[in-house]
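Asks: Now for the letters of each chain:
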Amino acid sequence: MTRRDSYLRDVVLRRLRSNPLAVSGGIVVLVMFLVSSLAPVITPYQPNTLDAYHVLLPPSASHWFGTDDLGRDVFSRMVYGARVSLKVGFVAVGIATVIGTIIGLIAGYYGGLVDSLLMRFVDIMLCFPTFFLILAIVTIREPSILNIMLIIGFTGWMGVSRLVRAEVLSLRERDFVQAARAMGCSDLRIIFRHILPNAMGPVLVYATLGIATAILTESSLSFLGIGVQPPEPSWGNILASGKEFLEFAWWLFLFPGLAITVTTLSYYLVGEGIRDALDPRNVR
Amino acid sequence: MNDLITATSLVKHFPVKTGRFGKPQLLKAVDGVDLRVGKGETLGVAGESGCGKSTVARLLMGLMPPTSGTIAYEGKSLNLMDRDERLRFRKSVQMIFQDPFSSLNPRMRVGDIVGEPFTVHGLAAGARKRELVLGLLAKVGLSEEHFYRYPHEFSGGQRQRIGIARALAVSPKLLIADEPVSALDISIQAQIINLLMELKREHGLSFFFITHDLSVIRHLSDRIAIMYLGKVVETGTRDEVLDRFLHPYTQALLSAVPRIAPDRTTARIVLQGDLPSPVDPPAGCPFHTRCPYVEDICRTDPPPLEEKEAAHLAACHFSTKLFR
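Protein chains in written order, with the numbering used here: chain A, 1 to 284; chain B, 1 to 324.
If you are wondering where the hints come from, they were derived from the structure by calculation, not from laboratory data.
Given the structure is predicted, the values throughout are model-derived calculations rather than measurements.
Check the hints yourself; a few may be wrong.
[As the list claims (entries may be wrong)] Within a straight-line C-alpha distance of at most 20 Å, the following computed SDA-like cross-link-like pairs (lysine to any residue) qualify:
1. B/K129 x A/G111
2. B/K17 x A/G111
3. B/K76 x A/G184
4. B/K129 x A/R189
5. B/K173 x A/R181
All chains, please: the whole structure from these sequences, using the hints.
Replies: So, in structure tokens, the structure goes:
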């Protein structure tokens with residue numbers, strides 16, 4: 001009578017903790033969170049302060065990651081860039097996951113014509129090469145962080161909806177769902193109490209991996225100059241500003257490049273870890 | 001007898017696609033079945049895999065609509081029920097499933113699984129609900145410490161007990177049991193069967209008990225229906241069907257039951273071939289492709305299920321000639 005803690009606290013976290021790869025990924029993700037929330041405290045310089053006397057300095061004790069062509073401190077800019085990446089990653093994936101889950105649940109549970117219509121709509125959406133769709137929309141709308149998040153979110157839900165639909169299709173035939181129907185549960189109760197919790201594992205994994213993709217997309221857009229607009233820092237546009245000084249200013253592309261890679265990889269490891277930990281049959 | 005649930009000319013066809021451009025064909029899972037279960041009575045339904053037993057169970061539960069035919073609960077047809085009546089029907093008829101590993105929601109605690117019917121029907125909440133759930137768990141032989149556990153922490157037999165506790169929560173009158181013991185070890189089977197019989201005595205439950213194990217059916221049933229390829233081929237009281245059978249398929253099934261002290265007055269009848277496809281059932285008697293006594297008329301004329309003796313129906317042209 002003492003085991004009142006939830007399934008998440010009880011089982012999943014314990015399993016997650018015993019997975020060294022997931023733990024290291026989780027630590028990186030946590031550090032990124034801390035760094036971006038404490039950005040004003042830990043940055044030695046203002047991210048946008050120009051300093052004409054200290055341009056393109058290599059890393060040193062006073063400028064850990066060196067300075068860029070306008071004398072701005074690269075470390076400070078990257079810390080603020082982490083904020084952008086996190087915000088874009090979470091909000092965009094949040095939008096995509098909510099839309100995708102709802103559409104997938106409806107299509108999978110009700111089936112028939114509703115399912116056909118929704119899935120054909122998904123097919124249509126998937127026909128657009130997402131990146132070029134984003135390029136096109138950004139040239140019409142002004143490129144701002146908000147718009148980038150919305151666009152990545154609204155073009156990224158199709159995978160989630162297919163995933164959720166497939167889960168629902170198999171779950172709704174399972175005996176415990178039949179039992180719930182036999183019991184007289186309403187559709188809403190069956191969907192949210194019996195189907196959704198059992199479909200959340202893969203969705204959570206997909207969302208975690210999606211954050212990595214969203215961060216990559218934002219970086220690519222910013223690198224191409226149509227994402228986050230300078231002087232506001234983002235890992236993508238710091239990288240872009242370094243490309244003209246490729247031969248001698250290695251710190252301008254090494255650090256943002258590493259940040260993007262390590263962050264993406266970390267979300268990936270965490271996602272895989274959650275997938276293993278969520279599986280009730282996976283007793284370690 | 002006072003009928004609790006009756007099925008009349010029940011038919012369920014599933015469309016199946018054969019090949020990409022093939023015409024959609026019909027799988028005749030249930031093809032004209034009449035059944036009834038009286039109050040306090042146990043109807044045992046037997047037949048080999050794929051004969052439509054489980055489909056009949058799901059139809060009776062109202063989990064899918066029949067292609068044609070009617071199901072009536074206490075004289076009221078299921079598809080004529082309004083919302084309230086349907087909810088009452090849901091409280092009166094519950095199901096026990098075959099696979100104890102898929103019949104419990106893996107993300108819910110045992111206490112919540114067994115307590116959910118109380119919430120859905122607004123019967124109890126909070127401490128009262130907890131008390132009722134603990135009472136149910138005790139009734140099926142589980143204890144208080146199991147309340148906060150997850151299904152995956154239990155063995156198959158224990159899970160089946162949880163499923164039974166859930167089914168009992170709404171105090172049903174009829175339990176539909178779809179091979180409730182065939183996924184369990186032999187020793188556990190006996191425990192579960194004894195539990196079910198105890199509950200039957202205690203609550204005056206009716207049972208619709210599906211199995212392919214005739215020794216189980218002899219133990220439990222008042223009446224028996226034997227199904228073959230979507231049809232009932234023989235039905236009657238337990239002793240009539242098992243000891244004075246009137247259908248060659250029943251004879252074959254019974255000859256396959258292992259005996260501890262074989263009297264060997266009847267040789268084992270091994271049926272040739274497989275169950276014909278329910279997509280393309282044979283003309284005439286559905287059993288003629290495998291029947292050891294087949295004659296010409298069996299290949300053309302389907303025998304009706306008719307009363308051969310008092311309260312004993314069989315669908316065979318030669319019942320009396322063969323077995324009396």
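Asks: Confirm or reject each hint.
Replies: Now the hints, each set against the structure:
1. B/K129 x A/G111: The given pair, whose Cα atoms are some 35 Å apart, is violated under the 20 Å limit.
2. B/K17 x A/G111: holds, 17 Å
3. B/K76 x A/G184: Cα-Cα ~18 Å, so holds.
4. B/K129 x A/R189: holds, 19 Å
5. B/K173 x A/R181: holds, 17 Å
Going through the hint list in order, the structure does not satisfy hint 1, though it satisfies all others.
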